[in-house]
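Put together the whole structure using the sequences plus the hints.
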Amino acid sequence: MSLMKIFLVEDNELYARATKHHLSLNPDNQVEHFVTGKSCLEKLYLQPDCILLDYSLPDLSGIDVLKKVKSSQPDLPVVIVSGQEDVATAIDLLKEGAYDYIVKDENSKERIWKTINNLRENAKLRNELDRLREEVNLKYDFSSIKGSSVPIKKVFKLIEKAIRTNITVSISGETGTGKELVAKAIHYNSKNKKAPLVTVNIAAIPKELLESELFGYEKGAFTGAISRRIGKFEEANGGTLFLDEIGEMELSLQAKLLRILQERVVTRIGSNKEIKVDTRIIVATHRNLKEEVAKGNFREDLYYRLLGLPIELPPLRQRESDIILLAKYFLKLFLEENEMEEMRISEQVQTKLRSYSWPGNVRELKAVIELAAVLADDGIIEEKDLNFNTVGDELDNLVSEGLTLKDYNTKLINYYLKNHNNNVVEVAKLLDIGKSTLYRMLKNKELIVN
Amino acid sequence: MADRVYDLIQLEELSGGDQDFINMMVDTFLEHTPGQLEELIKAQASNDMVTFGAISHKIKPNIDMFGIKKIIQDIRDLEQLGKAGQNNSELQTKLANVKAELTIAFEQLRQR
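Protein chains in written order, with my numbering: chain D, 1151 to 1600; chain A, 5 to 116.
Careful: at least some of the hints might be erroneous.
As the list claims (entries may be wrong) - Pair ranges (Cβ atoms, derived):
| hint | chain 1 | residue 1 | chain 2 | residue 2 | range |
| --- | --- | --- | --- | --- | --- |
| 1 | D | K1193 | A | N92 | 42 to 50 Å |
| 2 | D | N1272 | A | N92 | 47 to 55 Å |
| 3 | A | H36 | D | S1189 | 13 to 21 Å |
| 4 | A | R116 | D | K1193 | 35 to 43 Å |
| 5 | D | A1375 | A | A88 | 56 to 64 Å |
| 6 | D | D1209 | A | R116 | 33 to 41 Å |
| 7 | D | I1376 | A | D22 | 54 to 62 Å |
| 8 | A | A100 | D | E1260 | 32 to 40 Å |
| 9 | A | H36 | D | D1428 | 54 to 62 Å |
| 10 | A | A100 | D | S1189 | 35 to 43 Å |
For the record, the hints were derived by calculation from the structure and aren't laboratory data.
Yeah, the Cβ is synthetic: ideal placement off N, Cα and C, and Gly gets one too.
Structural data, given as structure tokens:
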């Protein structure tokens, strides 16, 4: 892993042997020696980790070799080793992209040793970075958005279209439908994936701070601006800026945002210099922006500017066929994360999950499943483990079963009987119905008494 | 026999006392440096100062590495004079010094 393939380009046989010997004291250093610049350039396809380059070679000058290497492999570090103690040459070489400049003298072997070790450390960090990037990409791979229902497939198609260009994307959908996940899937699959994805939740930042957060400021722009700060727009340069809850933005700031989107330049607060930004914009909101425009809360020109490619995420209740798929997926994830035994979901629970209205959408489903997994006994999730803690409209849930009025009546009365020790008189009084009605229903076995 | 004009301390440090490595380095030195010295003398005789500077530059680290102390400065001066194109008496004197000292070093290293 920490093996370093070093190309040593040196026409002085003695010096080359000494250097090779010295570097080989570390078994991780693999040194290949070339006498001419040309022979080294011909072997570049072997992908060395670094090149130690003598400045004066019989065929090409050091600077020519350096330029050629840099034009084909700009990331390959080239360390110049030279008998010349000429500052101007050294500066020229460093400007051309040399990693270091080492003068051949009695200290040069220590310096080479140190430089190689630095490079090794660098390479390790770079590998680590690549690995982490890969991991993030994998995490926000398409497959993190689950589903095979018709409405979600429509969303997949739109995401694919968004990836191919850098068009502005506006994502709408109820809370918990996965708006941020879609933004990540777009960014990490686009050609800008190596540049950052910067997320700003407009609703989470006090409106007084939002402007400086987005655009940055110069030192002394206002009281407390003790140093310069780069805004989110600049931070996301070359990448993606995800503005979540865009519907919460103040009108005055909307005007500024519009200008940036049109001109593609930002001006830090307290500065008059315009900075070009090349940033893909993704916005999301749970509001209906068209309605907000009609109410005068959102600028119409900005609305059209931001609309771009609209992606509307379906609420979970419209994706009934995905519910069990998602429930099993979240359960598996949760069990793996917590190193728990395998678990299954009972038929009754599956029916219940399918018929529930899910006002909190996928996020709620995930929470319900995780809690159920914790509460469940004997490797199976039963009805007792399900807890729907809806904050929204209770009636929605109640009527989601789609029963007839008569059935709802029966259900309701049964519920009261159960909670009042089957005391018919008391229940009749509470519900303001005749005792005889209840007795008749009991007689017809419409009601259950335990 | 005269005092040794060379000093292998650098090589010993470098190799950690590995005699095989030191022998190999001495062989390499004896293989290349005499020829370089001849080229140097030839370049001076034909007044080719560009080549003269380049060859001095190449011989310089060899002299350093083998600790041939008496001419460590001379070879540097030769490189500078050569680059400046000054084939003068100062250069000729220093070249004679380098030649004499290197010749002794070759002889002593061969009999080591």
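* For I1376 (chain D) and D22 (chain A), compare the CB-CB distance with the range 54 to 62 Å and indicate the outcome. => holds (59 Å)
* Asked: Holds or violated: 47 to 55 Å for the Cβ distance of N1272 (chain D) and N92 (chain A)?
  -> Because 49 Å falls inside the window, the suggested range holds.
* Would you say the C-beta atoms of R116 (chain A) and K1193 (chain D) sit inside 35 to 43 Å of each other? -> holds (36 Å)
* Asked: Quick one: are A100 (chain A) and S1189 (chain D) within 35 to 43 Å, going by C-beta?
  -> holds (37 Å)
* Range hint compliance [Cβ, D1209 (chain D) to R116 (chain A), 33 to 41 Å] -> holds (34 Å)
* With respect to the beta-carbon atoms only, verify the hint that H36 (chain A) and D1428 (chain D) lie 54 to 62 Å apart. => Since the Cβ atoms of H36 (chain A) and D1428 (chain D) sit about 56 Å apart, the hinted range of 54 to 62 Å holds.
* When you take the CB atoms of A1375 (chain D) and A88 (chain A), is the distance between them in 56 to 64 Å? -> holds (58 Å)
* For the pair K1193 (chain D) and N92 (chain A), does the Cβ-Cβ distance stay inside 42 to 50 Å? -> Because 44 Å falls inside the window, the suggested range holds.
* Take a look at whether the Cβ-Cβ distance between A100 (chain A) and E1260 (chain D) falls inside 32 to 40 Å. => The hint (32 to 40 Å, Cβ to Cβ) holds, given that A100 (chain A) and E1260 (chain D) are roughly 35 Å apart.
* **13 to 21 Å as the expected CB spacing between S1189 (chain D) and H36 (chain A), which holds or is violated** => Taking Cβ atoms as reference, H36 (chain A) and S1189 (chain D) lie about 18 Å apart, which means the hint holds.
The structure is consistent with each of the numbered hints, conforming to all of them.
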